[in-house]
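Visitor: Sequence:
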Amino acid sequence: MNAPDSKFEPRIVGGEAVNIEAYPFAVQFLNMGRLCGGVIINSWSIVTAGHCLAFSTDMKQMIIQAGAKYTYDFNADRYRVRAFVIHEDYNKEQAFSCDIALVFVDTPIKLGPRAKKGILVNHKEWMNDKEENFIVTGWGYTKHKGEVSKVGLKMARLHYINPRECSKFLDGHNITADTFCLYGYGERDTCQGDSGGGVLWNNMLVGLTSYGEGCAVKGKPSIYANIWHLRSWIIKRVNDFVEQFCDSKFRFKETV
Numbered sequence: 004m005n006a007p008d009s010k011f012e013p014r015i016v017g018g019e020a021v022n023i024e025a026y027p028f029a030v031q032f033l034n035m036g037r038l039c040g041g042v043i044i045n046s047w048s049i050v051t052a053g054h055c056l057a058f059s060t061d062m063k064q065m066i067i068q069a070g071a072k073y074t075y076d077f078n079a080d081r082y083r084v085r086a087f088v089i090h091e092d093y094n095k096e097q098a099f100s101c102d103i104a105l106v107f108v109d110t111p112i113k114l115g116p117r118a119k120k121g122i123l124v125n126h127k128e129w130m131n132d133k134e135e136n137f138i139v140t141g142w143g144y145t146k147h148k149g150e151v152s153k154v155g156l157k158m159a160r161l162h163y164i165n166p167r168e169c170s171k172f173l174d175g176h177n178i179t180a181d182t183f184c185l186y187g188y189g190e191r192d193t194c195q196g197d198s199g200g201g202v203l204w205n206n207m208l209v210g211l212t213s214y215g216e217g218c219a220v221k222g223k224p225s226i227y228a229n230i231w232h233l234r235s236w237i238i239k240r241v242n243d244f245v246e247q248f249c250d251s252k253f254r255f256k257e258t259v
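When we follow the numbering used here, the leftmost residue of the sequence shown carries the number 4, and every step to the right adds one.
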């Protein structure tokens with residue numbers, strides 16, 4: 004899916020195959036047959052990219068697949084969607100801004116070795132050029148305009164690029180506070196079908212795959228939604244869902 008009026012697109016090239024038990028927070032989000040990633044943040048809630056819902060908001064067409072190593076994995080648990088919310092400031096005509104959404108399932112996710120909650124980052128120390136151990140995961144294409152990974156879930160390690168340098172690489176594109184850039188030196192990257200998947204740093208969720216120019220293009224970093232910047236929105240919207248749909252006193256804790 005291309006970003007409107009843009010050469011950028013949602014988009015693991017390079018990297019290695021892994022088992023779902025290594026990254027059990029990762030889920031597949033299927034919407035009208037299109038593949039995105041997502042991250043479990045509690046037994047009811049999945050965080051994903053806003054543009055993964057922008058092309059279709061029909062909840063009957065949405066499926067969450069948890070505990071899956073492969074795309075359309077028959078060993079995975081599947082969940083229907085009860086509700087969802089896209090960030091109010093997301094604009095599909097300006098696809099980089101606030102590219103985040105929450106999806107709420109109709110039955111609790113069965114947590115276990117293959118499905119666990121991701122941990123939201125609670126500081127911004129990770130945003131510096133010395134950090135090069137960012138992990139991205141996904142089931143998406145293994146090359147630009149290629150095909151979905153046949154080996155199943157993959158991971159790759161990427162390097163942080165500061166906003167000023169990233170903007171230079173991307174022909175002056177403005178890197179706003181709700182986004183950040185990672186780079187794999189033309190060897191590793193996220194690709195189509197990885198959108199909405201989590202970015203890990205020190206086992207904490209710091210971002211979501213958003214957009215990039217091609218896949219693993221030398222000199223072209225990719226853009227990710229910044230969880231630190233969007234964290235308060237996530238917590239508020241999860242608690243709004245609880246107040247509307249749940250009878251218990253459950254609240255989304257900031258330590259989760």
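Everything labelled a hint here was simulated from the structure, so no lab data went into it.
Backbone N, C-alpha and C fix where the C-beta goes; we use that ideal spot for every residue, glycine too.
Careful, some of the hints might be misleading.
To be verified - Estimated spans, in silico, between C-beta atoms of each pair:
#, residue 1, residue 2, range
1, 114, 246, 14 to 24 Å
2, 165, 111, 23 to 33 Å
3, 165, 205, 16 to 26 Å
4, 94, 239, 16 to 26 Å
5, 133, 177, 22 to 32 Å
6, 134, 109, 31 to 41 Å
As the list claims (entries may be wrong) - For lysine-lysine, the following DSS-like pairs were computed, each having C-alpha atoms within a straight-line distance of at most 25 Å:
#, residue 1, residue 2
7, 120, 221
8, 127, 63
9, 171, 221
Visitor: Against this structure, judge whether each hint is valid.
Guide: Evaluation of the provided hints:
no.	hint	result
1	114 / 246: 14 to 24 Å	holds (23 Å)
2	165 / 111: 23 to 33 Å	violated (40 Å)
3	165 / 205: 16 to 26 Å	holds (19 Å)
4	94 / 239: 16 to 26 Å	holds (20 Å)
5	133 / 177: 22 to 32 Å	holds (24 Å)
6	134 / 109: 31 to 41 Å	holds (38 Å)
7	120 / 221	violated (34 Å)
8	127 / 63	violated (37 Å)
9	171 / 221	holds (13 Å)
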